[in-house]
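Residue numbers (this note's numbering), protein chains in the order written: chain A, 7 to 247; chain B, 7 to 247.
Hint data in this document are derived by calculation from the structure and do not stem from the laboratory. A hint or two may mislead.
Label pairs and their calculated CB-CB ranges [what the hints assert, rightly or not]:
{"id": "1", "chain 1": "A", "residue 1": "Arg139", "chain 2": "B", "residue 2": "Gly76", "range": "44 to 50 Å"}
{"id": "2", "chain 1": "A", "residue 1": "Lys206", "chain 2": "B", "residue 2": "Glu97", "range": "27 to 33 Å"}
{"id": "3", "chain 1": "B", "residue 1": "Ser40", "chain 2": "A", "residue 2": "Glu97", "range": "40 to 46 Å"}
{"id": "4", "chain 1": "A", "residue 1": "Thr124", "chain 2": "B", "residue 2": "Asn177", "range": "51 to 57 Å"}
Keep in mind it's a predicted model, so treat the numbers as computed, not measured. Even for Gly, the Cβ is constructed at its ideal location relative to N, Cα and C.
There are 2 protein chains.
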Amino acid sequence: MHLYVLALQRMFFKKTYKQRHVFVNVKASVLPESLIRIARDYFDDARPTHDWDHVERVHNLCMHIGRIEGADLEVLSCAAYLHDIGRGFEERDISVCHARKGAQLAQGLLADMGFEDTFIQKVVHCIATHRFRDGLMPETLEARVLYDADKLDAIGAIGIARAYAYAGEHNQRLVEEFEREHGDDLAVDHTSHSPIKEYKVKLSKIKDRMLTSEGRRIAEKRDAFMSAFLERLRAECEGVI
Amino acid sequence: MHLYVLALQRMFFKKTYKQRHVFVNVKASVLPESLIRIARDYFDDARPTHDWDHVERVHNLCMHIGRIEGADLEVLSCAAYLHDIGRGFEERDISVCHARKGAQLAQGLLADMGFEDTFIQKVVHCIATHRFRDGLMPETLEARVLYDADKLDAIGAIGIARAYAYAGEHNQRLVEEFEREHGDDLAVDHTSHSPIKEYKVKLSKIKDRMLTSEGRRIAEKRDAFMSAFLERLRAECEGVI
Chain A
7 MHLYVLALQR MFFKKTYKQR HVFVNVKASV LPESLIRIAR DYFDDARPTH DWDHVERVHN
67 LCMHIGRIEG ADLEVLSCAA YLHDIGRGFE ERDISVCHAR KGAQLAQGLL ADMGFEDTFI
127 QKVVHCIATH RFRDGLMPET LEARVLYDAD KLDAIGAIGI ARAYAYAGEH NQRLVEEFER
187 EHGDDLAVDH TSHSPIKEYK VKLSKIKDRM LTSEGRRIAE KRDAFMSAFL ERLRAECEGV
247 I
Chain B
7 MHLYVLALQR MFFKKTYKQR HVFVNVKASV LPESLIRIAR DYFDDARPTH DWDHVERVHN
67 LCMHIGRIEG ADLEVLSCAA YLHDIGRGFE ERDISVCHAR KGAQLAQGLL ADMGFEDTFI
127 QKVVHCIATH RFRDGLMPET LEARVLYDAD KLDAIGAIGI ARAYAYAGEH NQRLVEEFER
187 EHGDDLAVDH TSHSPIKEYK VKLSKIKDRM LTSEGRRIAE KRDAFMSAFL ERLRAECEGV
247 I
């Protein structure tokens with residue numbers, strides 16, 4: 007194997023991955039399996055960019071960040087599993103906000119299962135505010151952790167994979183002209199949008215909008231990787247490597 | 007910017023990109039603009055993974071490799087622009103081989119435009135054999151260069167972008183379990199296929215199947231980058247980075 011690949015792997019993995027890959031697993035001890043099964047059922051027809059794998063990755067990040075930040079892991083675990091159950095409704099009708107819809111569905115679901123109202127309200131707040139839009143701001147530590155974890159899944163290597171899968175789903179060009187200057191607005195017309203533009207106008211700003219310090223630390227590393235990937239892509243498209 | 011990102015960029019770009027990004031442009035001097043326009047028209051409804059951008063990248067690589075290997079750049083340029091004009095037919099009917107169909111279309115197209123028969127036969131051979139299947143082997147230097155250039159666009163950063171766009175187009179999971187052992191067959195059932203499996207069973211072998219030495223040099227670098235990307239992706243999905 008090339009020396010520079012070994013060097014790259016060492017740089018990125020040595021002090022982070024190997025020391026950090028054990029997640030806190032609160033699933034078995036706190037949440038009934040039936041709740042997770044019900045949550046999962048909402049993703050039967052989900053597209054690859056927002057499927058159950060996304061939920062599980064966000065859950066893992068929540069457990070990691072939540073533990074470091076001292077959050078209530080029971081509330082957080084429940085909120086993570088349920089945070090996107092409203093997404094299918096938004097995809098069928100764009101006037102629906104999946105965060106609000108998800109919060110509403112979670113409220114009913116958890117009440118039916120006999121959870122205490124205090125617990126339910128904490129979970130519902132996390133879900134309702136995980137988009138950080140429409141004046142719905144994350145006010146609790148658990149809500150801030152969920153917000154960070156959800157955004158972290160949009161950057162780094164997984165962010166690249168998801169951005170290009172989205173391009174495939176929506177028929178976007180993969181490599182527009184890299185030199186072209188972009189405006190700062192996210193065009194609704196997907197034919198003129200691309201993963202590179204998405205990075206420039208939106209994803210590159212995630213690292214500066216994190217709400218927890220551990221989220222910020224991870225975001226900076228993921229952003230650096232994503233940025234280097236796009237540089238490499240540009241070089242391959244404009245030159246020969 | 008992080009030091010390791012600067013290091014990464016230096017490793018990958020310093021001695022390659024900056025010294026190599028000027029392509030030979032034979033388009034203006036040899037091929038009529040009308041031919042390129044006709045070729046481009048075949049890609050009006052193309053999916054992002056096999057669109058006109060792919061053709062232009064393959065053309066660029068052909069010019070670079072062809073110049074180093076001493077190939078006939080006029081034949082190569084023409085073959086590169088026309089190599090995938092049969093792809094739309096294969097997508098509508100999988101019994102059609104796009105290489106054979108493209109060769110047949112190119113034959114008629116070039117004859118109608120008054121190209122000499124010797125030139126046409128050289129171009130047609132490149133197009134017919136660029137898949138290296140069904141006993142159709144690239145026998146000329148130009149055909150070998152086109153084969154290498156076409157395969158190079160499936161690996162490296164652009165290979166990652168295309169593999170994930172394909173996953174989005176075909177509803178594949180983005181990150182299956184990395185530990186899972188794969189068989190060596192390319193399943194037709196796309197629901198069980200993924201970019202990671204595609205790399206393991208197919209794309210990782212491209213570097214060993216190059217037909218020119220410059221193609222092999224580029225393939226090794228692109229493969230190293232793609233392999234490192236997938237390692238990083240695995241680490242993000244299994245741990246926290």
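Hint check, failures only:
1 and 4
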